[in-house]
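2 protein chains.
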Amino acid sequence: MRRGMTKAQEVAYDLREQIESGQLAGGDALPSESKMMSQYGYSRETIRAGVRLLIDEGLVVTGQGQGKYVREDYPPVVWNWTTLESRSRHATAVEGQTAGDQWASAIEENGNAPRQEITVSIVEPPAHVRECLELPADGLAVARKRIRYIDNRPYALADSYFPQELVSGTPLMEPRDVSAPGGILASVGLVQAKYRDEISVRMPTRQEAELLALPAATPIAEHTRTGYDADGRPLRCMVTILPGDRHKILYEVDTD
Amino acid sequence: MRRGMTKAQEVAYDLREQIESGQLAGGDALPSESKMMSQYGYSRETIRAGVRLLIDEGLVVTGQGQGKYVREDYPPVVWNWTTLESRSRHATAVEGQTAGDQWASAIEENGNAPRQEITVSIVEPPAHVRECLELPADGLAVARKRIRYIDNRPYALADSYFPQELVSGTPLMEPRDVSAPGGILASVGLVQAKYRDEISVRMPTRQEAELLALPAATPIAEHTRTGYDADGRPLRCMVTILPGDRHKILYEVDTD
DNA sequence: AAGTGGTCTAGACCACTAA
DNA sequence: TAGTGGTCTAGACCACTTT
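Protein sequence lines, in the order shown, are assigned to chains A and B.
Each residue of the first sequence is one higher than the last, beginning at 29 in the working numbering.
Each residue of the second sequence is one higher than the last, beginning at 29 in the working numbering.
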């Protein structure tokens with residue numbers, strides 16, 4: 029046994045080496061537990077503890093039915109938050125079809141099939157959103173909650189919140205994609221002059237993991253964009269949950 | 029036993045409820061394993077498996093010496109990437125003391141004690157950095173690797189890479205803080221006209237976890253900023269590893 | 001039917017820390 | 001010294017999938 033390592037750590041160390049060296053490539057099956065038990069002469073739970081270390085590092089996923097596999101991620105979707113806001117201002121209108129919103133059309137341009145499940149409701153927003161929108165303690169918000177799929181795989185949760193008085197009675201209250209030149213806010217006569225993005229990184233909640241079908245040890249970025257009008261009044265707050273294994277966030281900025 | 033739950037999940041469910049309801053607050057100790065064994069009548073490994081589910085969710089940390097505790101995070105350091113680049117242009121010079129770099133002075137303004145360990149070396153950069161700097165396959169880079177501490181707790185890893193020919197023989201090659209109006213690039217006569225930020229989210233490598241003293245289930249953001257001159261030539265690539273439990277990333281953008 | 005992993009038990013020994 | 005958790009074992013039973 030290696031110096032200063034438990035037996036489980038030794039198993040993890042050996043497997044990690046094989047993975048990092050490419051000897052075990054992404055998608056390959058790990059040796060079975062019984063194989064490793066006889067190879068090392070360790071008990072089953074010890075072998076399992078070793079493999080669990082790699083699962084917690086995100087290097088190994090456990091196939092539903094049987095077998096454990098070296099984790100293999102699809103190339104991440106690049107999410108350009110800089111151009112997302114401005115792209116629609118320059119876009120030519122799409123004729124003869126429902127173009128969907130900015131996200132959906134960006135995905136379509138890439139040759140993939142976007143889909144969103146949208147539910148609209150009037151809610152007491154979560155504390156963080158309430159702060160962003162500068163709502164009073166009893167202020168209500170219109171929430172548009174979406175689950176975004178690409179090629180029928182879940183990719184992100186995107187919940188938009190609007191101060192109720194700004195949007196009641198507008199198309200924003202309908203649970204459908206909203207496509208409009210200038211973006212969803214422009215469609216109800218609001219102009220966004222500034223935005224503020226906040227990104228934090230954490231493990232998903234149980235619910236988020238379930239909705240997004242996340243493998244073990246998949247962290248998420250919580251991206252909150254608050255949009256303001258020219259007077260600095262908050263118009264919208266969008267909270268997006270981006271799984272780390274399928275997203276890359278991009279900003280492009282010209283230094284003035 | 030609850031329907032559709034294993035015993036371990038039941039234990040996790042109960043504890044999670046107590047944590048989310050505030051009945052168990054941040055920093056509180058969980059009941060001991062033996063207490064829960066007699067409370068539930070389950071074996072020790074089963075109880076431990078239940079608690080492990082919460083550890084993997086990032087809700088529970090296992091105290092160094094003994095005891096398990098509800099996770100309690102310090103308020104995150106807000107990292108404003110928009111102003112970090114421009115702040116130094118407007119900053120008044122600090123007289124009579126070594127001001128450190130932009131990061132250090134931002135932390136000091138907040139009343140905390142920054143510290144960095146810097147090592148400078150000439151390296152073959154990692155593939156991702158090579159791409160960002162548009163270096164040929166055998167191109168070398170000057171690497172400034174820093175470990176950043178606040179009040180003697182590690183906060184981030186920040187590795188900057190410069191194309192070798194741009195900086196050889198400049199103060200950038202010395203392993204010291206570089207403080208200059210206009211930023212570190214200006215100090216060697218380079219002007220950054222544009223930058224491009226890439227953020228991805230993942231679990232830390234073993235090494236990162238060790239350098240940053242990360243608790244279990246602490247994901248990180250890998251932030252890569254590439255700076256370009258007015259002709260679009262890459263000047264610098266900075267890779268920052270930001271632990272999710274102590275950072276929040278901020279961007280503030282005026283829609284043009 | 002054979003092989004996989006998932007769950008669970010009842011022990012054991014150890015290192016550490018607090019009283 | 002008593003109590004904590006960390007590691008490890010040798011079983012067992014189960015659900016699932018592949019052949």
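The set of hints was computed from the structure by calculation and includes no laboratory data.
Think of the CB as a built atom: it goes at the ideal place given N, C-alpha and C, for glycine as much as any other residue.
Be careful, since some hints might not be right.
Partial selection, computed: residues in chain B whose CB lies under 10 Å from chain A [as the list claims (entries may be wrong)]:
{"id": "1", "residue": "85"}
{"id": "2", "residue": "225"}
{"id": "3", "residue": "227"}
{"id": "4", "residue": "229"}
{"id": "5", "residue": "238"}
{"id": "6", "residue": "241"}
{"id": "7", "residue": "244"}
{"id": "8", "residue": "249"}
{"id": "9", "residue": "275"}
Here are the simulated DSS-like pairs of lysine-lysine, each with C-alpha atoms no more than 27 Å apart in a straight line [stated by the list, open to error]:
{"id": "10", "chain 1": "A", "residue 1": "35", "chain 2": "B", "residue 2": "96"}
{"id": "11", "chain 1": "A", "residue 1": "222", "chain 2": "B", "residue 2": "96"}
{"id": "12", "chain 1": "A", "residue 1": "173", "chain 2": "A", "residue 2": "96"}
{"id": "13", "chain 1": "B", "residue 1": "173", "chain 2": "A", "residue 2": "222"}
{"id": "14", "chain 1": "A", "residue 1": "276", "chain 2": "B", "residue 2": "96"}
{"id": "15", "chain 1": "A", "residue 1": "276", "chain 2": "B", "residue 2": "173"}
{"id": "16", "chain 1": "B", "residue 1": "35", "chain 2": "A", "residue 2": "276"}
{"id": "17", "chain 1": "B", "residue 1": "173", "chain 2": "A", "residue 2": "96"}
key: Hint check, failures only   = 5, 6, 11, 12, 13, 14, 16 and 17
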